[in-house]
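Order-wise, the sequence lines are chains D and L. Just so we're aligned: 274 in UniProt numbering is position 274 of the first sequence, and the numbers increase by one with no gaps anywhere. Just so we're aligned: 1 in UniProt numbering is position 1 of the second sequence, and the numbers increase by one with no gaps anywhere.
It is possible that part of the hints are untrue.
[As the list claims (entries may be wrong)] Among chain L residues calculated to face chain D with C-beta under 7 Å, some are:
| # | residue |
| --- | --- |
| 1 | Ala11 |
| 2 | Gly69 |
| 3 | Gly161 |
[Stated by the list, open to error] Pair by pair, the computed Cβ-Cβ distance ranges are:
| # | chain 1 | residue 1 | chain 2 | residue 2 | range |
| --- | --- | --- | --- | --- | --- |
| 4 | L | Ala22 | D | Thr239 | 24 to 32 Å |
| 5 | D | Asp45 | L | Ala22 | 44 to 52 Å |
| 6 | L | Thr2 | D | Thr267 | 33 to 41 Å |
| 7 | D | Ser279 | L | Thr2 | 36 to 44 Å |
| 8 | D | Glu278 | L | Asp5 | 30 to 38 Å |
| 9 | D | Trp108 | L | Thr78 | 37 to 45 Å |
| 10 | L | Phe201 | D | Thr267 | 48 to 56 Å |
| 11 | L | Thr2 | D | Trp277 | 39 to 47 Å |
| 12 | D | Pro209 | L | Ala56 | 15 to 23 Å |
| 13 | L | Gly34 | D | Ser30 | 26 to 34 Å |
| 14 | D | Thr133 | L | Phe201 | 49 to 57 Å |
| 15 | D | Gly160 | L | Val166 | 17 to 25 Å |
[As the list claims (entries may be wrong)] Okay, the calculated bits of chain D under chain L, using three or more residues with CB under 8 Å as the criterion:
| # | stretch |
| --- | --- |
| 16 | 5 to 19 |
| 17 | 95 to 109 |
| 18 | 120 to 129 |
| 19 | 218 to 227 |
| 20 | 247 to 260 |
Please keep in mind that the hints were generated in silico from the structure rather than gathered at the bench. Just so we're clear, the structure is a prediction, and the values are computed from it rather than from any experiment. Ideal Cβ placement from N, Cα and C applies to all residues, glycine included.
Take a look at the letters that make up each chain.
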Amino acid sequence: MTTRQTDTVAAARSDARAQAVSVAATATKSMPYVPAATSPNIPPDVSPDALTWAETVPPAAYTHRVVARGTRIRLEDPTGDACAHLFLLRTDAPYERLNVADTLKIPWQAYLGPGHPLLSGDGRVLATLAADTSRHHDAFCGTTSDAWNIAKYGDARPEGPTPSGQSLLTLAAAKHGLTLRDLGPTLSFFQGVRVAEDGALRWQGSAGPGTSVDLVAELPLTVLVANVPHPLDPRPGYTVGPLRIHAWRSTPTGPGDESFTASPERTRAYLNTLDDWESRS
Amino acid sequence: MTILDWSGSLAPGAVVRDDRVAPRAAWSAVVPAGHVLTIVDVGGNQSADCLLFDAADPAERYSAPDTLGWSGDAYVRTGTVLRSNHGNPLMTVVGNEVDRQDTIGGACSKESNTLRYGHHAAADHACRENFLSEGAKWGLGARDLVSNLNWFMNVPVEADGSLGIVDGLSAPGKRVAVRADRDVLVVVSNCPQMNNPCNAFDPTPLRMIVTVVGAAPETAQEDL
């Protein structure tokens with residue numbers, strides 16, 4: 001039974017307005033900070049004036065954002081239990097989107113680390129993994145399906161206690177007019193997987209609390225993120241921690257950057273990106 | 001000289017479909033639930049790039065990550081269940097004459113060829129072209145292309161994460177057989193890539209045989 005007074009419009013409005021300043025409601029600090037400069041967790045190397053996005057994604061939740069080319073996005077795992085399932089689409093042409101196979105094949109490397117380009121299927125770089133203090137990531141297993149979470153936890157609904165990554169990414173995509181057909185294989189950050197000699201996929205877990213990755217948007221991006229347990233997480237419970245996000249205006253990768261010239265394949269990927277962007281701009 | 005071994009079905013039962021796929025060409029068909037598709041690597045080490053769709057609802061489609069996550073294996077082998085983006089079985093590998101099959105390496109494209117081999121390779125024909133043109137026959141487009149299977153292609157992952165397409169493990173006449181666990185649209189690109197060993201630098205034909213046990217053939221057998 002509620003003790004709140006909401007029996008008239010004036011009373012209901014007063015009750016609603018009290019929520020925004022309620023200490024109890026905001027105590028988790030897992031929410032978007034608007035404006036971004038009001039974030040309580042601004043990284044020391046970032047000017048608050050440059051921030052364009054600050055949010056703490058709670059466990060079992062998702063977020064989504066359109067960011068401009070040149071935006072630098074930092075994902076932080078303060079507890080060591082976050083797992084950021086990421087999908088990227090080009091905002092001005094969403095049929096160009098993250099292609100995990102090309103993201104591994106072109107750099108000849110399956111394990112994501114500093115400098116790794118996240119490629120579209122169109123021969124261009126969507127984002128560069130510009131910094132990475134975790135190096136525990138996975139490009140094989142994608143996110144969790146409803147069938148997986150029902151088998152493991154008994155429930156996968158987005159409003160339930162153990163939502164699947166796919167149920168959340170489907171909602172994130174829908175906020176941009178996109179459907180299941182627009183989603184492909186995802187990358188997951190902060191919970192690693194390694195391939196054993198016999199081919200077995202071995203869950204590596206996290207690198208511990210306090211790691212982060214920086215992604216530089218090389219094109220205008222629609223960023224979809226679900227923060228849910230990795231499918232191979234062997235822990236029986238639905239274990240996931242909060243995910244911090246800060247993004248700020250920065251510069252896209254250019255010819256003077258190490259990533260640009262890290263390999264001939266990558267150089268051509270950045271050249272293709274610049275070629276297309278300058279043609280449209 | 002190229003040796004061609006047209007072999008035969010890897011599964012028992014009546015043949016309801018038997019097609020030859022020319023080098024560099026595409027192929028597609030609905031394989032009804034319970035039917036088995038045998039793919040014959042006629043010339044040896046010819047990558048058959050392959051996508052699967054639920055024939056009734058193509059938004060449910062093959063998912064490499066779901067397949068790998070459920071199997072816990074980086075490679076596709078006998079017994080691997082080929083799962084959809086909902087985690088549901090689409091097909092199951094019921095026969096396989098190659099140690100391991102790939103679903104990590106993805107398809108070649110004109111666009112990625114420019115990264116891998118230089119901009120002159122943009123003119124080459126590619127699997128993405130085959131997927132787009134064959135998929136268009138079924139109302140599918142760029143949004144429907146995801147990480148695919150590569151039958152007869154070899155993509156090892158080394159201890160440090162190094163990965164790449166290397167010489168194949170197959171040979172003329174080797175086969176893989178996949179059973180449809182529901183009505184599945186299968187789209188195949190007979191890989192035309194000439195810049196890496198995914199088809200031993202020599203595109204050769206594929207043979208696609210659909211069989212069914214204990215039921216009358218649903219379509220006439222096509223002439224070889």
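For each hint, the structure was consulted:
Because the closest C-beta pair between L/Ala11 and chain D is about 25 Å apart, greater than 7 Å, the hint is violated. About 4 Å separates the beta-carbon of L/Gly69 from the nearest beta-carbon of chain D, less than 7 Å, and the hint is met. Nearest Cβ of chain D to the Cβ of L/Gly161: about 3 Å, under the 7 Å cut. The hint holds. Between L/Ala22 and D/Thr239 the beta carbon distance is about 52 Å. The supplied range of 24 to 32 Å is therefore violated.
Our hint of 44 to 52 Å for D/Asp45 and L/Ala22 is violated, since their Cβ atoms are close to 58 Å apart. The hinted window of 33 to 41 Å between L/Thr2 and D/Thr267 holds, with their beta carbons roughly 36 Å apart. For D/Ser279 and L/Thr2, the hinted distance range of 36 to 44 Å is satisfied, since their beta carbons lie about 43 Å from each other. At about 51 Å, the beta-carbon gap between D/Glu278 and L/Asp5 misses the expected band of 30 to 38 Å.
The hinted window of 37 to 45 Å between D/Trp108 and L/Thr78 is violated, with their beta carbons roughly 28 Å apart. Range check, L/Phe201 to D/Thr267: about 25 Å between beta-carbon atoms, so the 48 to 56 Å window is missed. Checking the proposed 39 to 47 Å range against L/Thr2 and D/Trp277 shows it holds: the Cβ atoms sit about 44 Å from each other. Between D/Pro209 and L/Ala56 the CB atoms are about 46 Å apart, so this pair departs from the stated range of 15 to 23 Å.
Take L/Gly34 and D/Ser30: their Cβ atoms lie about 49 Å apart, and the range 26 to 34 Å is violated. One distance hint, 49 to 57 Å for the beta-carbon pair D/Thr133 and L/Phe201, is violated here, with the actual separation near 42 Å. A hinted range of 17 to 25 Å for the beta carbons of D/Gly160 and L/Val166 is inconsistent with their spacing of about 44 Å. For a cut-off of 8 Å, the count of residues in the stretch 5 to 19 of chain D with a CB near a CB of chain L stands at 0, and the three-residue condition is violated.
Coverage of a stretch by a chain is defined here by at least three residues with a beta carbon nearer than 8 Å to that chain's beta carbons; for the stretch 95 to 109 of chain D and chain L the count is 10, and the condition holds. Figure legend: the stretch 120 to 129 of chain D, annotated as covered by chain L; annotation consistent (4 residues with Cβ-Cβ distances under 8 Å, at least 3 required). Here the stretch 218 to 227 of chain D counts 0 residues with a CB under 8 Å from a CB of chain L, which misses the bar of 3, and the coverage is violated. Only residues whose beta carbon comes within less than 8 Å of a beta carbon in chain L count, and the stretch 247 to 260 of chain D has 0; fewer than three means the coverage is violated.
When each numbered hint is compared with the structure, violations occur for hints 1, 4, 5, 8, 9, 10, 12, 13, 14, 15, 16, 19, 20.
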